[in-house]
Amino acid sequence: MKKTMNFKDQLKIQAWIDNELDEKESLAVKAMVESNSDAKKFAESLRKFNSLLTKNEPEYKFPISQSELWANIKKEINHPQPRVLQFYYSSLHWLESKLIPVAIAASLVIIGGAYLALKFTHNKSTVHLASEESAALNLGINVLSFYAPKQEMYVVWVDTNAY
Amino acid sequence: MQNWVNYSEASDEDLVAMAREGNTNAFEELVVRHKDKLYGRAFSMLRNEEEAIDVTQDAWIKAWKRLAQFHGDSSFSTWITRIVINLCVDKLRKQKREQTESIEKIEEESGGVERFMEVIWPNPSEGLEKTELRSVIDKALAQLSNSHRAVLIMHEFQGMQYKEIAKAMGCSIGTVMSRLFYARRKMASLMSKLNNEENHEF
Numbered sequence: 001m002k003k004t005m006n007f008k009d010q011l012k013i014q015a016w017i018d019n020e021l022d023e024k025e026s027l028a029v030k031a032m033v034e035s036n037s038d039a040k041k042f043a044e045s046l047r048k049f050n051s052l053l054t055k056n057e058p059e060y061k062f063p064i065s066q067s068e069l070w071a072n073i074k075k076e077i078n079h080p081q082p083r084v085l086q087f088y089y090s091s092l093h094w095l096e097s098k099l100i101p102v103a104i105a106a107s108l109v110i111i112g113g114a115y116l117a118l119k120f121t122h123n124k125s126t127v128h129l130a131s132e133e134s135a136a137l138n139l140g141i142n143v144l145s146f147y148a149p150k151q152e153m154y155v156v157w158v159d160t161n162a163y
Numbered sequence: 001m002q003n004w005v006n007y008s009e010a011s012d013e014d015l016v017a018m019a020r021e022g023n024t025n026a027f028e029e030l031v032v033r034h035k036d037k038l039y040g041r042a043f044s045m046l047r048n049e050e051e052a053i054d055v056t057q058d059a060w061i062k063a064w065k066r067l068a069q070f071h072g073d074s075s076f077s078t079w080i081t082r083i084v085i086n087l088c089v090d091k092l093r094k095q096k097r098e099q100t101e102s103i104e105k106i107e108e109e110s111g112g113v114e115r116f117m118e119v120i121w122p123n124p125s126e127g128l129e130k131t132e133l134r135s136v137i138d139k140a141l142a143q144l145s146n147s148h149r150a151v152l153i154m155h156e157f158q159g160m161q162y163k164e165i166a167k168a169m170g171c172s173i174g175t176v177m178s179r180l181f182y183a184r185r186k187m188a189s190l191m192s193k194l195n196n197e198e199n200h201e202f
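So the sequence lines, in the order shown, correspond to chains A and B.
Residues in the first sequence are numbered from 1 upward in steps of one, following the numbering used here.
Residues in the second sequence are numbered from 1 upward in steps of one, following the numbering used here.
Treat the hints loosely; a few may be bogus.
[Stated by the list, open to error] Okay, derived cross-link-like pairs now, BS3-like style, lysine-lysine, Cα gap no bigger than 27 Å in a straight line:
(1) B:Lys139 to A:Lys48
(2) B:Lys130 to B:Lys167
(3) A:Lys41 to B:Lys65
(4) B:Lys139 to B:Lys35
(5) A:Lys55 to B:Lys96
(6) A:Lys41 to B:Lys130
(7) A:Lys30 to B:Lys130
(8) A:Lys24 to B:Lys163
It should be emphasised that the hints constitute simulated quantities derived from the structure, not laboratory data.
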């Protein structure tokens, strides 16, 4: 069993006293402290010292009057910008908490928009096809196209006898 | 019709809820309740009265603007004290950037000569009354380096965990551990010295 403490050991004991170690590490340090008199003495002194500090925190009084402090604060919080910022922070929090549903909703909107756009494009191509048909007819080529809604497809009929 | 509210008897939670709705009277009551503690934290970190007043005021203004962000995960007092601590750390960081640090100062950050000395934890409070002890702690804190003092205050007085301190100070947990270790040791040594001086005076 190691009888001397190095800097690393001291930091480990400190972390143990500060409740910063996980269960496994905590047990290892506890064993070291119980078996090593220097470590034990160090741990006890450190614990006492920490307790001494936390129980005797110096107290300070705010050096200016409440009315002066409040006047300074009120001057700033009555400014219109804080309200805007408050709305911003509130919106930010709302977005954070609802980010997933909002993202899903946004995705659905995008998909829906894309679907509508495609549909619109299809209609346009119908017009395009119709105009091409007219052009083809003018050239003496028999072309017929139509949209079959049940099959969701365009059918283009070209009369080969015309060639 | 607005109901009459006794602000001084309302809980912090109720006051925060009212302040969120834009009630400045409720917010003023929160200021009355916590101003000394906030100032104390700022002063103990910065050791400058004027800067501590500015930081405290800024913290209240920030808190008002960010009330919507306060979800009650911790107490209002803890939440606003964290705002003060962050402002102090920012201020100390700016000061550090502006100053060229001496070799001795850098040495102190990493333990200095004390690193190689035997670890002794004297009883720095021997024979002291509570008021005297607080005064000794205050004087000793004033003599610590900014980074040692900040870590010590955040851990001992604010009860922050290593990882929270590391995040606030923008350093690693290992750095927090060693700074805290040296800060405690230096603090114990300063307190012992101050205690001896005080005893000699009487």
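Problem set entry | Hint numbers not upheld by this structure, sorted from lowest to highest | Violated hints: 2, 3, 5, 7; rest satisfied.
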